[in-house]
Amino acid sequence: MLKVRNLHARVAGREILRGIDLSMNHGEVHAIMGPNGSGKSTLARVLSGHPEYEVTEGEVLFEGENLLEMEPEERARAGVFMAFQYPVEIPGVNNAYFLKAALNTMRKHRGEEELDAMEFMTLVRDRMKQLDMDEALLSRPVNEGFSGGEKKRNEIFQMAVLEPKLGVLDETDSGLDIDALRVVAHGVNTMRNADRSFLVVTHYQRLLNYIVPDVVHVLTDGRIIRSGGKELALELEDKGYGWLEEPVGLK
Amino acid sequence: MTQSLENYKQAFANSRNRRSPAEPAELVRTREEALNRFLAVGFPTTRDEEWRFTSVAPIAGHAFTLAEAAANAGHRDVAPLRLPGVFGAELVFVDGRFALALSSIDELPRGVRLGSLADDAGSHANGTESHLARVAPFDRRAFVALNTALFTDGAYIQIPAHTVMEKPIHVLFVSSGETDGRRAAMSHPRVLAVLGDDSQAAIVESYAGPEGALYFTNVVTEIVLGENAVLDHYKLQHESTEAYHVGAMFLKAARSAHCASHSISLGGSIVRNDVVAVLDGEGGECTLNGLYLADGHRLIDNHTTIDHAMPHCGSREIYKGILADRARGVFNGKIIVRPDAQKTDAKQTNRALLLSEDAQVNSKPELEIFANDVKCTHGAAIGQLDEDAVFYLRSRGLSLAEARHMLIHAFAGDVLNRMPLEAIRNGVEAVLRRQLARALAVAA
Chain A
1 MLKVRNLHAR VAGREILRGI DLSMNHGEVH AIMGPNGSGK STLARVLSGH
51 PEYEVTEGEV LFEGENLLEM EPEERARAGV FMAFQYPVEI PGVNNAYFLK
101 AALNTMRKHR GEEELDAMEF MTLVRDRMKQ LDMDEALLSR PVNEGFSGGE
151 KKRNEIFQMA VLEPKLGVLD ETDSGLDIDA LRVVAHGVNT MRNADRSFLV
201 VTHYQRLLNY IVPDVVHVLT DGRIIRSGGK ELALELEDKG YGWLEEPVGL
251 K
Chain B
252 MTQSLENYKQ AFANSRNRRS PAEPAELVRT REEALNRFLA VGFPTTRDEE
302 WRFTSVAPIA GHAFTLAEAA ANAGHRDVAP LRLPGVFGAE LVFVDGRFAL
352 ALSSIDELPR GVRLGSLADD AGSHANGTES HLARVAPFDR RAFVALNTAL
402 FTDGAYIQIP AHTVMEKPIH VLFVSSGETD GRRAAMSHPR VLAVLGDDSQ
452 AAIVESYAGP EGALYFTNVV TEIVLGENAV LDHYKLQHES TEAYHVGAMF
502 LKAARSAHCA SHSISLGGSI VRNDVVAVLD GEGGECTLNG LYLADGHRLI
552 DNHTTIDHAM PHCGSREIYK GILADRARGV FNGKIIVRPD AQKTDAKQTN
602 RALLLSEDAQ VNSKPELEIF ANDVKCTHGA AIGQLDEDAV FYLRSRGLSL
652 AEARHMLIHA FAGDVLNRMP LEAIRNGVEA VLRRQLARAL AVAA
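Just so you know, the protein sequences line up as chains A and B, in that order. For reference, each letter of the first sequence is one residue, going 1 to 251 in my numbering. For reference, each letter of the second sequence is one residue, going 252 to 695 in my numbering.
Isolated chain A, as found in the complex (with noise of 0.2 angstroms):
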């Protein structure tokens, strides 16, 4: 479903991304775990079509589409989502208003008739459950007040409701507590079957008891070093990342 080659990107002039491959299948979970910097949001960013995100070299194929040639909202409706790390406040932009927008674009697009108000609700409430969230959210402005915790849950349910084939979640289980984490991790467990696929970036691997994945990479400045099973996740936890990088020659 995902095929990265040879990809290179900078941001402000700085090379963040020197050669990442990857190649991911329907329904599986993949972690991208790697230190501080080592170019793992970025990669996160560059598949989201972020402006600020300049690719140098390589290529990304999305269901054997040419993403980066895609806009930001073209990958979205193609079925590509991103949970932000950091997901933006909009003032004066109602979060139920926003969602139904956005939800009827991408049905549109993939032909379906548009949902009235009434279905567009009966959807949402099932959603919200789902992820224990306050309904009171709905009718807030997009993140506006909203804490730590109820923003990165907001973003696992905007995915919910608009069921994309990729979930890209960046940073997701940072700054969250056990029970949110759990909250969040049971909202992509009901979500993953055999055709939707995650590519889960983390920089603990507590988020990896909750959500298992298939494989495991390790990125380091800009590279993948180290690619597994979920084993490798639970080794690094216990050895930290300099044990990887030794044996590749990169230190």
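Since the hints were made in silico from the structure, they are not lab data. All clues given are correct.
Simulated coverage check for chain A against chain B, where a stretch passes if three residues somewhere in it have a Cβ under 8 angstroms from a Cβ of chain B:
(1) 42 to 51
(2) 68 to 75
(3) 90 to 96
(4) 101 to 110
Values in this document were obtained by computation on a predicted structure and should not be read as measured data. Ideal Cβ positions, reconstructed from N, Cα and C, are used throughout, including at glycine.
Take the given structure of chain A and dock chain B to it, following the hints.
Below, chain B alone, put in the same frame as chain A:
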């Protein structure tokens, strides 16, 4: 005297025979004074501090003629501007002249009087003689002087004490855009509203004309609020984007009166709105909200003054502007706190959203505080659309245009949502959406 001023002298002579013969001698004298004042000072220039950023040279350079009452304007022209079922009374003026056939007045509460000033301008018949042309000083305001000299018609609204007008009143000024073949038309309408003690009303002033037409509207509104009176006021300026619109509203509020005035300026080529609110009794409250949108080479200038003359009065002011292309906005918000006005609580906010690199805004708060136990705050911010927010919305599948629309509407909504009349709010949103689509299409 320049030729341009000569033109207005001629207009004054022509306007004489349009006036009511019943006009009190004092009003006739006031008009002469006003004309002389205007001829003495002429149009303001950018050397005048109050007009520093707004050149009215294009207005001064045109030889406008007084609009003939275009009997041609029919229901068809006016219909889109009306909101059926919303208003208790609708007074329609075409080219500054009352159009009885287009107007409608439901059954009014006892004692409420409203109608055309021309019918009995300032006469004892409608009891307006004690206020007409007395609330709006023209000494230092050339356009007010010009209006005072030249107005021949307009609306008067009188709500007696202890009377609640349940439905809002609409005063609609439509310009036909018709010319005499050579020269563009001008109109100088007048609005006078007098609310008695303990009364309550909502008044909507609308200004409109056919898109693309060039004409000049110069309006003066005088509003007097009795003790404890409550007024919800709207000025909706939807003029042609080629038209010139200059308007001044003067409001005087007695003890414990409450007034909210919402100014929406979406049309006009050169627009100047002056609002002067005097809180002239203890415990008065005044809210001034404003929203303006300009694209192309248009200019919209809002000058507001809130004069706290007495203690324990409060004022809240929020003005927001959206500027695209090479448009310019001016905001000048003066707050005066007189020596007697202790315990004043005044708050002013001014924001502008620039949608292009060439758009610009000049914003200036002016606080003149002569009392010592007061609370006055002001804040101004000018910025572009939040790019992170645009990206966030796009990452959820909304197009760039949709994302921008959503954010701009959110920006405007902050002002629109403060307007209590839902029908008006919806009407303004529709016009805003249309204007915005145009402004963004050019920007894209």
